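K.L.:
Protein chains in written order, with my numbering: chain A, 1 to 351; chain B, 1 to 613.
Treat the hints as calculated values from the structure; they're not laboratory data. Don't take each hint at face value.
Unchecked claim - Think about it this way: if two alpha-carbon atoms lie no more than 20 Å apart in a straight line, the pair counts; the simulated SDA-like pairs of lysine to any residue are:
#  : chain 1 : residue 1 : chain 2 : residue 2
1  : B       : Lys251    : A       : Arg351
2  : A       : Lys325    : B       : Ile265
3  : A       : Lys8      : B       : His442
4  : A       : Lys6      : B       : Lys168
5  : A       : Lys6      : B       : Lys170
6  : A       : Lys325    : B       : Val254
7  : B       : Lys570    : B       : Gln537
8  : A       : Lys6      : B       : Ser462
9  : B       : Lys170    : A       : Ala349
10 : B       : Lys251    : A       : Lys6
11 : A       : Lys8      : B       : Thr123
12 : A       : Lys325    : B       : Pro256
13 : B       : Lys251    : A       : Glu333
14 : A       : Lys8      : B       : Thr444
15 : B       : Lys488    : A       : Leu336
16 : B       : Lys409    : A       : Lys6
17 : B       : Lys251    : A       : Leu336
18 : B       : Lys168    : A       : Ala349
19 : B       : Lys251    : A       : Asn322
20 : B       : Lys251    : A       : Lys8
21 : B       : Lys409    : A       : Lys8
Claimed, not checked - With the Cβ distance kept under 10 Å, some of the chain B side facing chain A (calculated, not the full set):
#  : residue
22 : Arg202
23 : Ala205
24 : Val223
25 : Ala268
26 : Glu269
27 : Ile279
28 : Gly305
29 : Leu426
As the list claims (entries may be wrong) - To spell it out: a stretch of chain A is covered by chain B in this simulated footprint if at least three of its residues, at any positions, have a beta carbon under 8 Å from a beta carbon of chain B; those stretches are:
#  : segment
30 : 78-86
31 : 101-115
Here the structure is a predicted model, which is why all the values come from computation and not from measurement. All C-beta atoms, glycine included, are put in the ideal place defined by N, C-alpha and C.
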Amino acid sequence: MTYIAKPKLHHPTLGKNQLGYTRRDYEGTISTLCAGCGHDSISAAIVQACWELDIEPHRVAKLSGIGCSSKTPTYFLGNSHGFNSVHGRMPSVVTGANLANRDLIYLGVSGDGDSASIGLGQFAHCLRRGVNMVYIVENNGVYGLTKGQFSATADKGSKSKRGVTNTEEAVDMIGLALMVGATFVARSFSGDKKQLVPLIKAAIEHRGAAFLDVISPCVAFNNHAGSTKSYDYVREHNEAVNRLDFIEGKEEITADYAPGELVEVTQHDGSVLRLRKLAPDYDPTDRLKAMSHLQERAAAGEVVTGLLYIKPDSVDLHEYLNTVKTPLTQLNERELCPGSVMLERINAALR
Amino acid sequence: MAKRVEAVNDFVVKFANVNGSGSASANELFARSILRMGVPVSSRNIFPSNIQGLPTWYEVRVNERGYQGRRGGVDLTVAMNPETWAQDVREIEPGGYLFYDNSKPLPQSKFRDDVNVIGVPLTEICNASYSDARQRQLFKNIIYVGALSALLEIDPNEIERLFSEQFKGKEALLQSNIKALRLGRDYVLQHLPCPLGIRVRRASAVGNRIFVDGNSATALGAVYGGATVCAWYPITPSSSLAEAFIHHCQKYRVDPATGNHRYAIVQAEDELASIGIAIGAGWNGARAFTCTSGPGISLMQEFIGLAYFAEVPVVIIDVQRGGPSTGMPTRTQQSDLLACAYASHGDTKHVLLFPEDPTECFEFGAQAFDLADRLQTPVFVMTDLDIGMNTRLSDPFQWDDTRALDRGKVMSYEDLEAGKDFGRYLDVDGDGIPYRTYPGTHPTRGAFFTRGTTKDRYARYSEAGPDYVDNMQRLLRKFDTAKAMVPKPLLRPAARPARFGAVYYGSTSAAMQEALDVLSDRGIHVNALRVRGFPFQDEIADFVASHPWVFVVEQNRDAQLKTLLVNEAKVNPARLISVLHYDGTPITARYIVEQIAQHAAARTVLPFRKAAS
Numbered sequence: 001m002t003y004i005a006k007p008k009l010h011h012p013t014l015g016k017n018q019l020g021y022t023r024r025d026y027e028g029t030i031s032t033l034c035a036g037c038g039h040d041s042i043s044a045a046i047v048q049a050c051w052e053l054d055i056e057p058h059r060v061a062k063l064s065g066i067g068c069s070s071k072t073p074t075y076f077l078g079n080s081h082g083f084n085s086v087h088g089r090m091p092s093v094v095t096g097a098n099l100a101n102r103d104l105i106y107l108g109v110s111g112d113g114d115s116a117s118i119g120l121g122q123f124a125h126c127l128r129r130g131v132n133m134v135y136i137v138e139n140n141g142v143y144g145l146t147k148g149q150f151s152a153t154a155d156k157g158s159k160s161k162r163g164v165t166n167t168e169e170a171v172d173m174i175g176l177a178l179m180v181g182a183t184f185v186a187r188s189f190s191g192d193k194k195q196l197v198p199l200i201k202a203a204i205e206h207r208g209a210a211f212l213d214v215i216s217p218c219v220a221f222n223n224h225a226g227s228t229k230s231y232d233y234v235r236e237h238n239e240a241v242n243r244l245d246f247i248e249g250k251e252e253i254t255a256d257y258a259p260g261e262l263v264e265v266t267q268h269d270g271s272v273l274r275l276r277k278l279a280p281d282y283d284p285t286d287r288l289k290a291m292s293h294l295q296e297r298a299a300a301g302e303v304v305t306g307l308l309y310i311k312p313d314s315v316d317l318h319e320y321l322n323t324v325k326t327p328l329t330q331l332n333e334r335e336l337c338p339g340s341v342m343l344e345r346i347n348a349a350l351r
Numbered sequence: 001m002a003k004r005v006e007a008v009n010d011f012v013v014k015f016a017n018v019n020g021s022g023s024a025s026a027n028e029l030f031a032r033s034i035l036r037m038g039v040p041v042s043s044r045n046i047f048p049s050n051i052q053g054l055p056t057w058y059e060v061r062v063n064e065r066g067y068q069g070r071r072g073g074v075d076l077t078v079a080m081n082p083e084t085w086a087q088d089v090r091e092i093e094p095g096g097y098l099f100y101d102n103s104k105p106l107p108q109s110k111f112r113d114d115v116n117v118i119g120v121p122l123t124e125i126c127n128a129s130y131s132d133a134r135q136r137q138l139f140k141n142i143i144y145v146g147a148l149s150a151l152l153e154i155d156p157n158e159i160e161r162l163f164s165e166q167f168k169g170k171e172a173l174l175q176s177n178i179k180a181l182r183l184g185r186d187y188v189l190q191h192l193p194c195p196l197g198i199r200v201r202r203a204s205a206v207g208n209r210i211f212v213d214g215n216s217a218t219a220l221g222a223v224y225g226g227a228t229v230c231a232w233y234p235i236t237p238s239s240s241l242a243e244a245f246i247h248h249c250q251k252y253r254v255d256p257a258t259g260n261h262r263y264a265i266v267q268a269e270d271e272l273a274s275i276g277i278a279i280g281a282g283w284n285g286a287r288a289f290t291c292t293s294g295p296g297i298s299l300m301q302e303f304i305g306l307a308y309f310a311e312v313p314v315v316i317i318d319v320q321r322g323g324p325s326t327g328m329p330t331r332t333q334q335s336d337l338l339a340c341a342y343a344s345h346g347d348t349k350h351v352l353l354f355p356e357d358p359t360e361c362f363e364f365g366a367q368a369f370d371l372a373d374r375l376q377t378p379v380f381v382m383t384d385l386d387i388g389m390n391t392r393l394s395d396p397f398q399w400d401d402t403r404a405l406d407r408g409k410v411m412s413y414e415d416l417e418a419g420k421d422f423g424r425y426l427d428v429d430g431d432g433i434p435y436r437t438y439p440g441t442h443p444t445r446g447a448f449f450t451r452g453t454t455k456d457r458y459a460r461y462s463e464a465g466p467d468y469v470d471n472m473q474r475l476l477r478k479f480d481t482a483k484a485m486v487p488k489p490l491l492r493p494a495a496r497p498a499r500f501g502a503v504y505y506g507s508t509s510a511a512m513q514e515a516l517d518v519l520s521d522r523g524i525h526v527n528a529l530r531v532r533g534f535p536f537q538d539e540i541a542d543f544v545a546s547h548p549w550v551f552v553v554e555q556n557r558d559a560q561l562k563t564l565l566v567n568e569a570k571v572n573p574a575r576l577i578s579v580l581h582y583d584g585t586p587i588t589a590r591y592i593v594e595q596i597a598q599h600a601a602a603r604t605v606l607p608f609r610k611a612a613s
């Protein structure tokens, strides 16, 4: 059985958000992934983030490519339209969907095989175009559905479950995203919900291409010693540069922070990101410094996480294209068709 | 002295130029001036895959009867390219004319005894009048147009009128062009006997027709058809279609109040992304298309299968060129039929439309979007380089203002709120077409998951065989429904009862009209059916069944329409005789006549078995 509806019943005291929805209203069907899969934690974080942001579930469109990660949109936001497209091509489908209706929230879910191998081109071009979306890569360094081959994000020198050493350089998706102009770049770990949920919320609020690389261990094929994408390895080497604490509205700062410890970033919609600095000199609005910091720490074997880069005054594809505010899908004949009188003029000019 | 070809309003002029020399606009000016005299012309660019330096030709057929096909043969060659001289001279009909620049003398061996030679010192005239190198280059073209106007009795006032329309508000340009025109014209009038045996005489055979290229017409059709999202990747010969769409949208799709665009056009990174963007937009409720040529179709295969199986409306315009591989990128063919009809892996069949000229490019360019929405499937508009990139005299575009966009079966918020049962792949009406919902319609109803994997009628993932078969059978029913929606074939009955039939489509039409007339004059009577869409209607099979022999005329090597007819319309292959032309040049009436006449002569006696069947 591959399709299991979850029971709708829930505990009467379960909290409701401002729309009157419980977290359960943001869930999908029961996951068919392996027990303990990092991807399920990411799905839960997406549910949590959407519930906390009071997003109407049907105003989200969730799209994916092919692979374990790309199956997950079935397991969250059951009242949203979903689209499981073809391998590595989610970015183009989201681009088109977004052009058609700029009023929805676009959540693109992909994996390292989907986005770093077959879809590397679309990954880069979608980000450089500034498509207003959240692009989540559930990164486990391995092909799960086809049973354990290395993916392009597997680190050089890491070992497969069968004991084979990877001799190829890893594709650095964060580095690529920064290079091609993504305006929101973050990395997190599926095992760190406290870090992940606020990052997803901030990414949703961001205008433009927001990229989230989430290390998400594969319990079946890549959770062994010698892997650099296992729970143990990531926990040991995780170096968070900051903690994102609040994001909506400008609440009063109540906690005590040492001077210079807090960075505030205001996004286009007025939402404020408060970042608690963990690395003292890290400035997430400085793209070049972010790139060199990441290179340095990666060379030292660390997995740098947190909000790595944000461009507060970001612009999205619709602004570049100067499209009308009304979604293109809602334009009518009168607005789209120039009519017979104009056609007669066109004919006359062609004689 | 060679004999002279004598013809009024019925001849072929071929310009041999060097690519990038600015000849294209001068040559088009020449063609338009004849049109303004009320005489139909058809013009064709024969160009290399190159920006500058390689040979390029422009062929103008002047024909008062209005035949638009390529005739074959050349009556007057304007030889401006030394590199192709020998070939250009060889093509001239006996008694024809060779126009060349005689500023430098050429040995007698370069000429033919049976061709009339007209030398005009274009370079000399040009150098005496202009000092700037670029001006010398450009105005040399206008000077030969002036010279030709005298030789062919083209009214110079018509050319000057065209200049004043083109250079409205640019007085200096206008005057310098008129000057160049008169330089050439005056020289010829003073030094050479005028006119030639071939000449233009004012007529009224153009009527209200328009002179336009197919790509521009298809793009305009997309504007009228309500397309809002276009994604494309540059490829000859379809790039000018996307560029025309951009141009039309800038003119007709800007919100006058805000200056915002009622369209979104993305030049994608490749054809995979182009079709992906179009499918994403179609899924989300916009009218979207991509335009491409054969290699692009190959790249889009996987996505096309997804759109077919997930039932996403999308329009794909294939401006066909010579394949396979890079093939002949700047030459024409009709060789993508099978690649499009069965595009993608697994069992697929797609709706195809075959416009014959720019007028139908406009009509089908708009209709394709209604069909895609109504049938929730990819729809292909199959044009080619010959229609797409050549300006052709065509019937004016028409539009009925009462026509509404047919968005097909879409469940609204109200439908869902009223509790209507929604199953994305549920065949409610028995026509195989299910209902869809746009994302974002209703907070708790109507959401579904689109996937290329098997699903049940309620869009739930299923790997069960019966669910799969149920869905595939419904897709067949849907394809059957499409038969009644695609444009019907058009019959052109022979003047007398005919044993022969002919089936043709697309850009072959122009040459076919003429071929049928010529054949009829020779006593070979052929009923002709022009196929305009796929899936095939029953009358196509009936047409074949009612003739002992049917010629299938097409521009590819493998008889692709014939294959489709046998496979899909279940016609008897023994009745079909292929007439195939695929050297990259547009098929000519002469070629069709020759082929059909040969076959007809071999079949003057009806075989007993066929007569009895």
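K.L.:
A separate judgement is required for each hint: does it hold in the structure or not?
P.N.:
Right, here's what the structure says about each hint:
Restraint check for Lys251(B) and Arg351(A): satisfied, since their Cα atoms lie roughly 19 Å apart, inside the 20 Å limit. The hinted pair formed by Lys325(A) and Ile265(B) meets the criterion: a straight-line CA distance of about 16 Å does not exceed 20 Å. Taking the CA atoms of Lys8(A) and His442(B), the gap is near 19 Å; set against the 20 Å cutoff, the hint holds. Taking the CA atoms of Lys6(A) and Lys168(B), the gap is about 71 Å. The hint is violated against a cut of 20 Å.
For a cut-off of 20 Å, the pair hint linking Lys6(A) to Lys170(B) is broken: about 73 Å separates their Cα positions. Taking the CA atoms of Lys325(A) and Val254(B), the gap is near 12 Å; set against the 20 Å cutoff, the hint holds. Proposed proximity of Lys570(B) and Gln537(B) is supported: the alpha carbons are some 11 Å apart, at most 20 Å. As the CA atoms of Lys6(A) and Ser462(B) are separated by approximately 17 Å, the hinted pair is consistent with the 20 Å bound.
Of the pairs offered as hints, the one joining Lys170(B) and Ala349(A) holds, with about 19 Å between alpha carbons and a cut-off of 20 Å not exceeded. Annotation: proposed proximity of Lys251(B) to Lys6(A) is violated, straight-line Cα distance about 52 Å (limit 20 Å). A C-alpha spacing of about 87 Å is found between Lys8(A) and Thr123(B), which places the hinted pair above 20 Å, so the restraint is violated. A hinted pair counts as satisfied when its Cα atoms are at most 20 Å apart, and Lys325(A) with Pro256(B) qualifies at roughly 14 Å.
The hinted pair formed by Lys251(B) and Glu333(A) meets the criterion: a straight-line CA distance of about 16 Å does not exceed 20 Å. Between Lys8(A) and Thr444(B), the direct Cα distance comes to roughly 13 Å. Compliance with the 20 Å bound is thereby established for this hinted pair. For the hint pairing Lys488(B) with Leu336(A), the CA-to-CA distance comes to about 27 Å; that exceeds 20 Å, so the pair is violated. At most 20 Å may separate the alpha-carbon atoms for a hinted pair to count; Lys409(B) and Lys6(A) exceed this at roughly 30 Å.
For a cut-off of 20 Å, the pair hint linking Lys251(B) to Leu336(A) stands: about 12 Å separates their Cα positions. Taken as a hint, the Lys168(B) and Ala349(A) pair is honoured in the structure, with Cα atoms around 14 Å apart against an allowance of 20 Å. Using a Cα cut-off of 20 Å, the hinted pair Lys251(B) and Asn322(A) holds, with the two alpha carbons roughly 15 Å apart. Taking the CA atoms of Lys251(B) and Lys8(A), the gap is about 53 Å. The hint is violated against a cut of 20 Å.
Straight-line distance between C-alpha atoms of Lys409(B) and Lys8(A) comes to about 30 Å, which puts the hinted pair past the 20 Å bound. Given the 10 Å rule on beta carbons, the hint for Arg202(B) is violated: about 16 Å separates it from the nearest Cβ of chain A. A cut of 10 Å between beta carbons decides the hint on Ala205(B): the least distance to chain A is about 14 Å, and the hint is violated. Residue-level restraint check for Val223(B) holds (minimum Cβ-Cβ distance to chain A is 7 Å; threshold 10 Å).
Interface restraint check for Ala268(B): the shortest CB-CB distance to chain A comes to about 7 Å, inside 10 Å, so the restraint holds. The interface hint given for Glu269(B) is met, as the beta carbon of that residue sits about 4 Å from the closest beta carbon of chain A, less than 10 Å. For Ile279(B), the interface hint holds, the least distance from its beta-carbon to any beta-carbon of chain A being 6 Å, beneath 10 Å. Below 10 Å, beta-carbon pairs count as interface contacts, and Gly305(B) has one with chain A at about 8 Å; its hint therefore holds.
Proximity of Leu426(B) to chain A is violated relative to the hint, the smallest CB-CB distance being about 16 Å (cut-off 10 Å). Taking a C-beta to C-beta cut-off of 8 Å, the segment 78-86 of chain A contributes 9 residues in contact with chain B, enough for the three needed, and the coverage statement holds. Counting residues of the segment 101-115 of chain A whose beta carbon lies closer than 8 Å to any beta carbon of chain B gives 3, which reaches the threshold of three, so the coverage claim holds.
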